[in-house]
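Asks: Below are the chains, spelled out letter by letter.
2 protein chains.
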Amino acid sequence: MASTSSPTLSQAVLARPISGNASNSSSSDRVSLSLSLSGLKFSPLSSSSSRRASGSAHRRRLPAPAPTPSSAVRPIRAAAVETLGTATEASLVEKSINTIRFLAIDAVEKANSGHPGLPMGCAPMGHILYDEVMRYNPKNPYWFNRDRFVLSAGHGCMLQYALLHLAGYDSVKEEDLKSFRQWGSRTPGHPENFETPGVEVTTGPLGQGIANAVGLALIERHLAARYNKPDSEIVDHYTYCILGDGCQMEGVANEACSLAGHLGLGKLIAFYDDNHISIDGDTEIAFTESVDTRFEGLGWHIIWVKNGNTGYDDIRAAIKEAKAVKDKPTLIKVTTTIGYGSPNKANSYSVHGSALGAKEVDATRKNLGWPYEPFHVPEDVKTHWSRHVRAGAALEAEWNAKFAEYEKKYKEEAAELKSIFKGELPAGWEKALPTYTPESPADATRNLSQQCLNALAKVLPGFLGGSADLASSNMTLLKMFGDFQKDTPEERNVRFGVREHGMGAICNGIALHSPGLIPYCATFFVFTDYMRGAMRISALSESGVIYVMTHDSIGLGEDGPTHQPIEHLASFRAMPNILMLRPADGNETAGAYKIAVVNRKRPSVLALTRQKLPQLPGTSIEGVEKGGYIISDNSSGNKPDVILIGTGSELELAAKAADELRKEGKAVRVVSFVSWELFDEQSAEYKESVLPAAVSARVSIEAGSTFGWEKIIGSGGKAIGIDRFGASAPAGKIYKEYGITAEAVLAAAKELC
Amino acid sequence: MASTSSPTLSQAVLARPISGNASNSSSSDRVSLSLSLSGLKFSPLSSSSSRRASGSAHRRRLPAPAPTPSSAVRPIRAAAVETLGTATEASLVEKSINTIRFLAIDAVEKANSGHPGLPMGCAPMGHILYDEVMRYNPKNPYWFNRDRFVLSAGHGCMLQYALLHLAGYDSVKEEDLKSFRQWGSRTPGHPENFETPGVEVTTGPLGQGIANAVGLALIERHLAARYNKPDSEIVDHYTYCILGDGCQMEGVANEACSLAGHLGLGKLIAFYDDNHISIDGDTEIAFTESVDTRFEGLGWHIIWVKNGNTGYDDIRAAIKEAKAVKDKPTLIKVTTTIGYGSPNKANSYSVHGSALGAKEVDATRKNLGWPYEPFHVPEDVKTHWSRHVRAGAALEAEWNAKFAEYEKKYKEEAAELKSIFKGELPAGWEKALPTYTPESPADATRNLSQQCLNALAKVLPGFLGGSADLASSNMTLLKMFGDFQKDTPEERNVRFGVREHGMGAICNGIALHSPGLIPYCATFFVFTDYMRGAMRISALSESGVIYVMTHDSIGLGEDGPTHQPIEHLASFRAMPNILMLRPADGNETAGAYKIAVVNRKRPSVLALTRQKLPQLPGTSIEGVEKGGYIISDNSSGNKPDVILIGTGSELELAAKAADELRKEGKAVRVVSFVSWELFDEQSAEYKESVLPAAVSARVSIEAGSTFGWEKIIGSGGKAIGIDRFGASAPAGKIYKEYGITAEAVLAAAKELC
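Sequences listed follow chains A and B, in order. Counting in my numbering, the first sequence runs without a single skipped number right up to 759 at its last residue. Counting in my numbering, the second sequence runs without a single skipped number right up to 759 at its last residue.
Some clues are possibly wrong.
Remember, identical chains collapse to one label, so a pair may be satisfied in a single copy or spanning two.
Said to hold, decoys possible - List of simulated lysine to any residue pairs, SDA-like, C-alpha gap at most 25 Å:
1) K424 to V465
2) K365 to S478
3) K724 to Q688
4) K724 to E694
5) K693 to K724
6) K739 to A361
7) K414 to G671
8) K424 to A400
9) K408 to P147
10) K724 to T747
11) K742 to L466
12) K415 to N353
13) K417 to D242
In case anyone wonders, no lab produced these hints; they're calculated from the structure.
One chain only, chain A, in its complex shape (with noise of 0.2 Å):
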């Protein structure tokens, strides 16, 4: 972290800008771009780099060639030396640049909804991107090996539906670009991984879709390293992200980036849409820092370049660049127009969220030359497009016959990984979770959990994950493995740092890679107030990720209410498509994290004591399984006395009320009420024998806000819990002096029954 007076190399030549003109660009500068061995997908014509390398001409028109797509078409990567060609006949991609824009202009027309803005600004990175760089397989979106591509700036989609509708994705027809933000579309207002195949992530929340890339690149890296062998490089692909100006303000964005820099994770590739525009106007009005510096200071590389309108050759340039720097990711800073080609609200926040409007419609139609009806491919694009279906199927096919070799010479390791790419659970996995008896030590859940951790990574390959800089809170780390750090990324104990949305996010990217990844990341459980932006994406997304939050109630002590969550539970309970499990012994955490490894689908967020707890007669994984579930009873006929549900922690002094009150000769219920949404799945008939409709007389415990128990124990019953701060004390003493206790339990009890 050390700094010098003097600047060091990366300094000098910190977002040296790539410009359009040939004359201040040196040939040495190009001829080592065309060195790098890696580089782009397409070089359908004679190589170009000998006209680049002489520093001439490199913006001038190049003949058409004869429109033969099918022979002209060298779909996979087999060149030892790629060259850095132009695609096709430069008049035919600037056609395929406007039917972009111009599909999104009239998708948002249709729609009299949307953000035409980007869209039109961004088409050429698109383009470039889609038609000339990336590999995919347009027939299946969920090609293991593809290239990722994120919009971060989501409200843009009609870029992405517009080139995954020329790529030819079966998810974007044309009558899904006419139905665009319409009820039961595919093409909703952002961009949606359920909805939508070819689309990765959920973005639009602004900083998100940039902390998914670098989980999908952090995880590529990690793959690659634990199951590439030097015969054979069966994992290896590029995450593409675009990002705008609101992503860059965005502290998740910065907190995810610069976990990408530490990590060196150089196949992360991010294009920073640098528009000057954002939604209350120039961005001079609150956004006047220099990104390139920052990124520098956070360990990318960084490339300018200053003409992302007409310049496709400086940002084919700028690919190959930043593909040849391993060791850090690349920021292409991309200095667009927003709106560009609307001649009158071109570069004004005008264009960014709104329809352009009949009138601006035709203008800029007029603008760009554009003759066409709305909705038009012009055959030639589409004809030139087409050949995605076949080169698509080619690579994957190839990719197959690949892994058919590695399957060969390395059983266990493509048993494994297919079992990463194929999302199925090992047979028997849930057989590693820990049971334990009443005999077993009393123990904090953080504790139970962290062997649970250590259990399921040893059974399941996908499993991973790591702590916002509290692992040896937390209990986070995983024995048998390492830290994932640059130079070993094959290891399994991520370090977060203290960057709880990003981490969040970064999860989210990692789930939605492959079917069989199961990230876990961890912080105190208030802490979810900093990454619930993240959290709702993984329910909404439906990505399962598992929260493994610890300290989750006033039993954390000394730290004071900064520390202590009370309506956390409640807030999650409230949020769709996430399951809230509160355990309250050892058997019941083998029960959470046997739930949240089935939900593949449905993130888990698992509330963990600090303070140790006793192993409770009574718990089990199955009870578990059904949310709510009978730990003791001693009444008949379904007609207990009265009913103490607690959850967690809690459960213990219910189970101790219970005691009292049998010895006085009541029939006594004990609840474990682990998880609502789980126990709310049950049937009927099920949640009759539990909570009986004739008993009113309920008493529930937990530290935590009342909030949402009247649903439980109804008009009748009575909630104990924490309606205010906490405070900060030994958890002993808050604990009586909120009352969260087994009296308080026995005493409202008395008054029931």
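Chain A is already provided as a structure; the job is to place chain B on it using the hints.
Replies: Same frame as chain A, now just chain B:
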């Protein structure tokens, strides 16, 4: 934002280290430092600037002065040229610093809980700030013009408690130090402004404090620009902050610091405790970015103090330099050793968050030559610090006299400023709020909100705020004011940029600066997820921030589920000490603002619509003040057949269904439930008058999670809401498909009555 290939001047001098070694500091450097007009507070000895300028002897011990503190004190910045003096005999400084260290060690040891590492490493900075630099009055911690100090690394709070104790604050007596982290003490585990006068803000959750500090510095700049006169700088203080590696990793810190750089907040001076240790060990495992370079990108001035352990003069020089830089905030990177002085635990994570243990405490006493009993403050140290009580009183008295002069000359400004620092709202301010009749045009509550904001800004001098780049969507612009920019800080429209978390934390800083400041901030309601960390601190720290949250439901339409809040109302209803308000029309919006303004120690969240709503008969400001109230009723004897309950945009649907039911002869009551918290606070009689226990036929409708509604509607009621994520389509379509309709209310009511 342009970068060039040659380093800029600021790059060239980036993080110029201030070393403790006189031989490598040029005399011209030192001379330039001592030319600054703003300087250190105390320079009781004869000026040492000539010694320093000579470039020699700048670390040798000075001869001890006679201990006559009363005559030695020059408590004010009266001298035209202040000097860089070592405040006291050097060994006394050392002794004072060790006193701070051992008070922290002893308190943590007694509590057997806490964080000794930071106070031991940062004691030198702490001493210099509180003993030599900062202007404050220990006997009036709320003196308006005091310098503000924020310990962003709040876990190190024993540093601040020790300093407050030495400085003579009544809030931290010896017995308070001895009850560190105990029940009922004024020295909780993390600093809490509402527990400990002298603590400005509540910190602990990392990154919040530096963002609060940005808020404090921002509002100082604003008030200075509005109220200072050529002949009277009536507002004039610095904001100091200490932040650690953890804070630096948090996105919220980057967001706030980016805005601070944009606004050029020159009186913000942040010390980065660069100790290379976080909880999980060396920062090398997760945090290897160049913080200096990042902050240079953010537009800050950067200074590096290489030896923060004993380089006291270097720290002093850095502060002097920072003060001389008027147009940029300064980051002083101070390289320290965590746990400095502990022979076996210094520079390791083990000293971060645990007591040293008796043996290591002994070893540290020996190592630092500390012969005293626990909690002992040596007499000479006590005597030395004792001057602050007198000096502080003098500072305040001087300022009061200055203000009296100001008041004579600038009556109107003085009255405004007084209302800001006394927190007295101008009489009759609430009359400015607009009212509406059912004939007033239908409008979105976001627009009605803008009418309120503009009305309030006219009558409340401390009212200001802005949006996270959504001013034109949130409708938050104050039309009679311009933008608060670097060169126009007197304006009241703050452009926060797309930095929700930073925005919330900055507003906490503003709110806690002076009791008459009423900051508001805005984004889409769903993005409260991004800023929940700051919002919870608003609630905990009693910061009356107004959160203007528009686009509050599926009613926002096409932007889809990523932008549609579902669980957010419930999530805030569960949070202690925050008001969740969802007004239904113009009168209720005005009522919500009245409540929000009145509640200066409780933040408010206003959920507002994007879509138009009619002005409903029966709504009122007075009704809103009750939280829940009847807007229409055709029953008698407090025995309606059914009670229909709605909030916000769905109140209209309840009213429509009531009309239908009444046509069918039913006695129907319609209740607006704008704030659950306020309703909870009403008398039992009032509650019974609105929701009579005998009437179990209740239907609620709200376009959000039904979680929690059982409390209002009881076991016999029906809650109409949304317990899944939203969808992308025109709003009316989604409402219909999701069954959020008057018809659904009607059907549910018919089932119940």
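Asks: Evaluate each hint against the coordinates.
Replies: Hint check results:
1. For the homomeric pair K424 and V465, the shortest alpha-carbon distance inside one copy (14 Å) is at most 25 Å, but the shortest distance between copies (68 Å) is not.
2. Only between protomers do K365 and S478 lie at most 25 Å apart by alpha-carbon distance; the minimum there is 23 Å, versus 62 Å within a single protomer.
3. When the C-alpha separation of K724 and Q688 is checked against a cutoff of 25 Å, the pair qualifies both within a copy, at 24 Å, and between copies, at 20 Å.
4. With identical chains, the CA atoms of K724 and E694 are at most 25 Å apart both within one copy (19 Å) and between copies (19 Å).
5. Taking the closest pair of Cα atoms, K693 and K724 come within 25 Å of each other both inside a single copy (19 Å) and across two copies (19 Å).
6. Within a single copy, K739 and A361 get their C-alpha atoms only as close as 61 Å, which misses the 25 Å cut-off; across copies the closest is 20 Å, which meets it.
7. Taking the closest pair of Cα atoms, K414 and G671 never come within 25 Å of each other, the shortest separation being 69 Å inside a single copy and 79 Å across copies.
8. Proximity of K424 to A400 under the C-alpha cut-off of 25 Å is restricted to the intra-copy arrangement: shortest distance 20 Å within a copy versus 76 Å between copies.
9. Taking the shortest Cα distances, K408 and P147 sit within 25 Å of each other inside one copy (19 Å), while across copies they are farther apart (72 Å).
10. Proximity of K724 to T747 under the C-alpha cut-off of 25 Å is restricted to the intra-copy arrangement: shortest distance 14 Å within a copy versus 33 Å between copies.
11. Neither within a single protomer nor between protomers do K742 and L466 lie at most 25 Å apart by alpha-carbon distance, with minima of 42 Å and 44 Å respectively.
12. For the homomeric pair K415 and N353, neither the shortest alpha-carbon distance inside one copy (56 Å) nor that between copies (48 Å) is at most 25 Å.
13. Proximity of K417 to D242 under the C-alpha cut-off of 25 Å is restricted to the intra-copy arrangement: shortest distance 19 Å within a copy versus 72 Å between copies.
Violated hints for the displayed structure, listed by number in ascending order: 7, 11, 12.
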